[in-house]
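Chemist: Go ahead and model the full structure; you've got the sequences and the hints to work with.
Chains as they are written, first to last, in my numbering: chain A, 7 to 332; chain B, 7 to 332; chain C, 155 to 477; chain D, 155 to 477.
The set of hints was computed from the structure by calculation and includes no laboratory data. Any given hint could be a false lead.
Taking lysine to any residue and the SDA-like style, the derived pairs with C-alpha atoms no more than 20 angstroms apart in a straight line are [said to hold, decoys possible]: (1) A:Lys116 <-> C:Leu287; (2) C:Lys417 <-> C:Phe192; (3) A:Lys300 <-> A:Arg284; (4) B:Lys204 <-> B:Leu11; (5) A:Lys114 <-> C:Pro212; (6) C:Lys288 <-> A:Gly80; (7) B:Lys45 <-> C:Phe192; (8) B:Lys309 <-> C:Ser461; (9) D:Lys288 <-> D:Gln260; (10) B:Lys258 <-> B:Asp288; (11) C:Lys288 <-> A:Arg169; (12) B:Lys114 <-> D:Ser359; (13) B:Lys249 <-> D:Tyr474; (14) A:Lys45 <-> A:Lys204; (15) B:Lys309 <-> A:Gly113; (16) C:Lys351 <-> D:Ala338; (17) A:Lys249 <-> A:Leu290; (18) A:Lys300 <-> B:Lys258; (19) A:Lys114 <-> C:Gly230; (20) A:Lys309 <-> D:Gln260; (21) B:Lys114 <-> D:Ser467; (22) B:Lys45 <-> C:Thr405; (23) A:Lys258 <-> A:His289; (24) C:Lys351 <-> D:Asp348; (25) A:Lys300 <-> D:Tyr474.
So the chains spell out like this:
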Amino acid sequence: MREILFREAIVEAMAEEMARDETVFLLGEDIAEFGGSYKTTVGLLEKFGRERVRNTPISEQGIVGAALGAALMGLRPVAELMYIDFSAVAMDQIVNQVAKVRYMFGGKAKTALVIRTQGGAGRSSAAQHAQSLEAWFVHVPGLKVVMPSTPRDAKGLLKSAIRDDDPVFFIEHKLLYLQKGPVPEEDYTIPLGVAEVKREGRDLTIVATSSMVGKSLQAAAELEKEGVSCEVVDPRTLFPLDKETILASVRKTGRLLITHEAVQRCGWGAEMAAIAAREAFDHLDAPIVRVCAKETPVPFAPKLESHVIPNKDDVIAGARALLETA
Amino acid sequence: MREILFREAIVEAMAEEMARDETVFLLGEDIAEFGGSYKTTVGLLEKFGRERVRNTPISEQGIVGAALGAALMGLRPVAELMYIDFSAVAMDQIVNQVAKVRYMFGGKAKTALVIRTQGGAGRSSAAQHAQSLEAWFVHVPGLKVVMPSTPRDAKGLLKSAIRDDDPVFFIEHKLLYLQKGPVPEEDYTIPLGVAEVKREGRDLTIVATSSMVGKSLQAAAELEKEGVSCEVVDPRTLFPLDKETILASVRKTGRLLITHEAVQRCGWGAEMAAIAAREAFDHLDAPIVRVCAKETPVPFAPKLESHVIPNKDDVIAGARALLETA
Amino acid sequence: MTELTKAKALWIYETMVRIRRFEERSIELFQAGELPGFLHAYIGEEAVAAGVCAHLTPKDQITSTHRGHGHMVAKGLRYEGMFAELYARRTGYCKGKGGSMHIADQDLGVLGANGIVGGGIPIAAGAALGIKLKGGKHVVVSFFGDGASNEGAFHEGINLASVWKLPAVFVCENNGFAESTPRATHQAVRDVADRAKAYGIPGVSVDGMDPAAVYETAGEAIARARKGEGPTLIEAKTMRFLGHYVGDPGTAYGHDKEVVKWKKRDPILAFGAFLEKKKWLAAKEREEVRARVNAEIERGVEFARGSPEPDLSDALTDIYASL
Amino acid sequence: MTELTKAKALWIYETMVRIRRFEERSIELFQAGELPGFLHAYIGEEAVAAGVCAHLTPKDQITSTHRGHGHMVAKGLRYEGMFAELYARRTGYCKGKGGSMHIADQDLGVLGANGIVGGGIPIAAGAALGIKLKGGKHVVVSFFGDGASNEGAFHEGINLASVWKLPAVFVCENNGFAESTPRATHQAVRDVADRAKAYGIPGVSVDGMDPAAVYETAGEAIARARKGEGPTLIEAKTMRFLGHYVGDPGTAYGHDKEVVKWKKRDPILAFGAFLEKKKWLAAKEREEVRARVNAEIERGVEFARGSPEPDLSDALTDIYASL
Ligand SMILES: Cc1ncc(C[n+]2csc(CCOP(=O)(O)OP(=O)(O)O)c2C)c(N)n1
Ligand SMILES: Cc1ncc(C[n+]2csc(CCOP(=O)(O)OP(=O)(O)O)c2C)c(N)n1
Ligand SMILES: [Mg+2]
Ligand SMILES: [Mg+2]
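Modeler: Written out as structure tokens, the structure reads:
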């Protein structure tokens with residue numbers, strides 16, 4: 007299968023959906039000529055024109071509100087928030103408006119929209135450009151939350167998100183954009199709410215999101231050499247969550263390590279741990295381990311940044327600790 | 007001991023701290039003549055004047071930003087956000103500015119400020135005036151998060167929060183304002199980061215926050231009649247969290263029920279459950295139970311609202327289920 | 155110029171009465187303990203909703219506020235569904251899940267009241283964008299208060315509408331207060347309409363107690379929007395005759411004094427007199443309007459009272475379109 | 155009127171050179187791979203920072219932006235600490251935890267660069283409030299871009315400063331672009347200064363390539379603020395000579411064409427010529443300035459290079475004052 011970059015997969019997904027459905031359009035900062043800060047809209051202005059690829063003022067509340075208004079009129083906007091950190095500026099529109107109008111209006115509201123954004127650390131972008139805030143959005147009924155880890159997943163999930171009738175908060179990781187991977191040439195989608203076992207294993211289950219999937223696979227490969235067999239499960243969508251796939255793995259291995267780039271406290275891993283501790287209680291042979299960012303704003307210094315963000319070795323260390331406990 | 011209303015305790019805390027320290031001042035919407043939407047600043051304009059009790063325009067970003075700027079100049083602002091739901095409007099200032107400046111600036115920043123707000127359901131205020139969003143703020147390194155459940159705690163904790171050199175997000179529950187309770191007349195504070203066992207018991211531990219503390223105590227009283235002895239622990243501050251007190255209780259009882267008014271998924275209870283499942287793994291005799299709001303925006307209809315918000319009976323049911331599992 | 159025909163004038167008059175009576179009855183019901191939650195009454199400001207909405211078709215859209223009943227009535231929502239919503243009944247516009255602050259009906263072009271001050275403004279811009287992208291000729295009117303004009307959402311929403319020349323009209327109902335905060339202490343600008351200058355769009359102040367003036371001003375702005383010439387900011391100077399919410403006496407912050415002079419300009423009385431002078435509506439006919447509206451009101455209340463409460467299972471529907 | 159004395163003029167000139175050289179050197183170091191993260195160069199806009207900060211004492215405060223190095227240099231921050239910060243060293247102004255977008259030093263009145271566009275504006279209002287409440291005579295200057303003036307934070311922050319008559323000056327560095335987005339497509343207003351009308355405060359446009367003009371305009375605004383007469387919005391029309399960030403050629407969105415004519419008005423060259431004509435600074439003395447600055451630059455770079463990296467344990471300090 008041909009291999010393309012993650013960011014190219016994102017572009018393709020939008021291009022295909024825009025070609026397929028003329029109600030799909032894009033809005034965001036610097037997505038037109040510039041092709042987006044991380045080149046995720048390159049070429050779309052040329053293909054679809056200025057009406058459907060709309061540069062906005064720097065107005066995140068405006069962007070999300072406009073997406074919602076247009077959705078209510080029957081369009082399918084895909085809004086880009088340049089960094090997930092800036093979602094804080096638009097939080098009212100995302101949480102109090104987008105997520106709730108369907109319910110508040112008694113079901114009579116069209117809210118088919120996607121908010122695409124980009125998060126995560128690893129580029130020395132410091133505390134306001136490197137957060138992982140997915141837990142906030144999972145905590146909000148009315149939103150769906152997607153975090154793809156491969157080009158193939160990114161494309162298939164984004165296409166599903168655009169076709170979905172609910173608001174989808176779609177989080178891409180800045181370090182993944184330049185990762186290459188196989189992506190089918192033919193039209194395909196990946197349904198929201200379906201996890202994928204990225205690697206099968208027997209001894210422990212690693213549930214990893216976004217950038218931590220790749221690091222976990224590397225960790226699993228190293229652990230394999232020591233005779234440890236890890237199963238790596240990528241939920242892909244944090245809500246709706248495919249609990250069955252994840253819990254089946256946990257029941258099989260009896261040990262669970264959860265890893266994400268967000269800080270540990272009140273991160274999504276807490277929810278995952280709480281679910282597993284409850285629903286696989288009798289199958290757990292050891293306490294659940296979480297491998298997450300240290301509890302600090304993200305520092306600028308690369309040395310400190312890579313210290314606070316979990317890496318392959320942290321996953322390996324976590325796995326070893328998990329295997330050592332009775 | 008004399009008894010006063012929760013909201014009076016709040017007023018007293020601010021009045022005393024303002025008298026004690028002239029750098030303390032208040033800002034927020036309708037806090038002056040009006041005395042605040044929930045009457046938590048009544049009489050303070052008269053006592054301290056318009057410079058120190060400042061009505062603001064409806065500008066939540068402005069309010070929090072102004073509090074931060076003033077704090078940087080060495081003042082101790084207490085900003086009020088009328089509803090926690092409106093913190094979404096100010097989220098950037100709270101999370102990207104207030105919480106992070108100390109760290110981003112390498113420690114050289116004065117950020118002694120309090121953001122007081124009011125949350126929770128129970129008054130048919132519908133989806134945008136009834137949320138419980140504490141988990142968002144606990145997820146943000148740099149913030150401290152307080153949720154008092156009694157007039158005495160409210161006063162003592164608010165005084166500590168105002169004296170604290172870090173930004174404190176202080177969440178009051180709208181239904182608690184009219185609850186009466188004993189409050190010492192003499193000057194006292196309650197330190198942040200210290201949980202309180204509100205009721206001792208042997209069979210199970212209920213960790214409850216804010217409005218759920220009272221409901222849990224009622225549940226415990228009823229369960230007592232059935233011969234079930236519940237220990238009710240109120241963390242009071244969600245960050246810093248007094249894990250020791252909570253875990254000591256869990257290790258003693260072997261069973262843990264966590265209850266809060268926020269929706270379950272990615273709520274603070276997830277973190278609590280993950281901590282307990284890890285740090286008291288060998289002491290847990292049954293899977294942890296969470297009794298939380300159903301996963302929906304808060305409905306307007308009183309019948310539906312009281313259905314989705316956990317009540318005493320839900321706590322009792324949860325406790326029974328917890329006791330029935332092996 | 156938009157001429158006020160007799161038919162329109164009568165529609166406006168009756169609409170104002172319909173709003174007033176809806177509010178008066180709601181307040182009674184609320185005070186009798188029949189309605190949960192809280193209410194923000196529109197009484198005194200009727201000329202704005204009626205004067206603006208007189209130009210709108212069901213396909214034109216509005217966004218509204220916490221003080222939204224007037225807009226809803228003027229936009230054609232029915233008493234039955236509105237009362238049912240206030241009663242938290244299943245037959246309400248939002249099945250009892252939204253309540254006073256969230257009434258909405260997309261079929262009639264109401265994109266929702268809103269509990270977040272200023273929250274509807276960017277949504278209105280977006281709806282106008284949606285209309286533009288679909289090639290429609292409809293417009294979006296966004297109502298909001300003087301207090302709301304200090305929110306960032308106001309700034310971002312109107313700026314967006316202005317750079318994209320969207321078919322939107324922004325109507326600031328300047329009643330001089332944001333809850334208890336008098337306008338002079340929450341903004342230093344002379345007229346809210348001056349804020350239009352920040353977006354390079356027309357800004358007009360109009361007497362919000364005079365429905366004919368509102369009708370004319372709104373007509374021009376809406377015509378501009380329909381022609382693709384972009385948004386307008388209208389400031390209607392008006393006054394709520396009651397406190398911020400039902401139960402607020404307005405005494406703590408000088409509203410009680412301020413309102414006295416405004417009440418002398420009650421839009422329903424004044425416009426009634428105007429219509430009488432024009433010989434478009436005699437005193438007797440005014441009584442007929444009132445009687446007709448009252449009957450309708452009672453039908454609405456009865457409908458609501460007789461409607462079922464939601465089922466518990468309704469609490470968990472309408473969160474997602476599909477899962 | 156604020157007269158530009160020789161001493162001030164020379165200070166402004168040298169400050170502009172100091173900014174320019176800092177940026178040029180940083181870019182070299184960045185392109186050589188010595189600096190992590192990313193950089194937004196201030197080159198071309200020096201007249202604004204220098205002309206404004208010429209009026210400020212260390213106790214006066216500023217808030218700055220992602221494009222903040224110029225403001226820092228003008229406000230008196232030292233090369234050592236600035237380079238050390240860009241190098242992510244422990245001796246940097248933020249101990250290497252902040253980087254280019256978060257340089258701050260409260261001792262010198264810098265409340266921080268800011269990675270959030272518009273984020274500093276409400277903070278500036280708050281700092282001005284703090285000064286006012288403490289009875290000080292200092293002022294706060296908030297720098298931000300044309301793009302930032304579309305953020306809600308701009309609206310809320312300035313409105314607050316205006317109703318409270320705070321000692322603040324808001325300086326919009328209008329360089330005609332927000333990243334790749336030309337001003338005409340992100341705002342329809344003619345001059346950003348017109349936005350002052352929304353707050354009932356003075357708004358002034360000034361030639362941001364002319365430090366003398368900036369100095370004069372800023373002087374009046376700052377004097378007003380010090381006298382307790384409230385805030386002013388200044389718009390300085392200027393241009394960044396380079397792309398949005400170091401590495402952006404600016405070709406995709408017409409910046410490359412636009413910049414050509416602006417470069418002819420290079421503020422350092424033009425002001426140098428002006429000073430020469432005034433006989434305040436001969437060509438030879440300009441070279442001396444340059445040499446002095448270069449030497450200082452190299453000391454700064456050497457200091458940074460020789461400074462230790464942070465310890466891993468530093469990652470977890472400075473989050474809280476106490477726990
Ligand atoms: C974001 C937000 N902040 C504050 C409030 C609380 N609040 C509700 S109505 C109101 C006053 C609104 O004033 P204005 O916009 O002038 O409308 P009016 O009530 O006068 O019609 C306030 C502060 C809110 N609902 N939303
Ligand atoms: C809230 C927020 N939105 C978007 C960005 C991304 N961003 C950084 S700089 C910039 C352009 C800023 O334009 P302007 O304010 O004119 O300043 P300039 O770069 O021209 O100096 C943008 C969009 C950001 N940092 N913060
Ligand atoms: Mg008002
Ligand atoms: Mg710019």
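Chemist: Tell me the hint numbers this structure goes against, listed in increasing order.
Modeler: Numbers 2, 3, 12, 14, 18, 20, in rising order.
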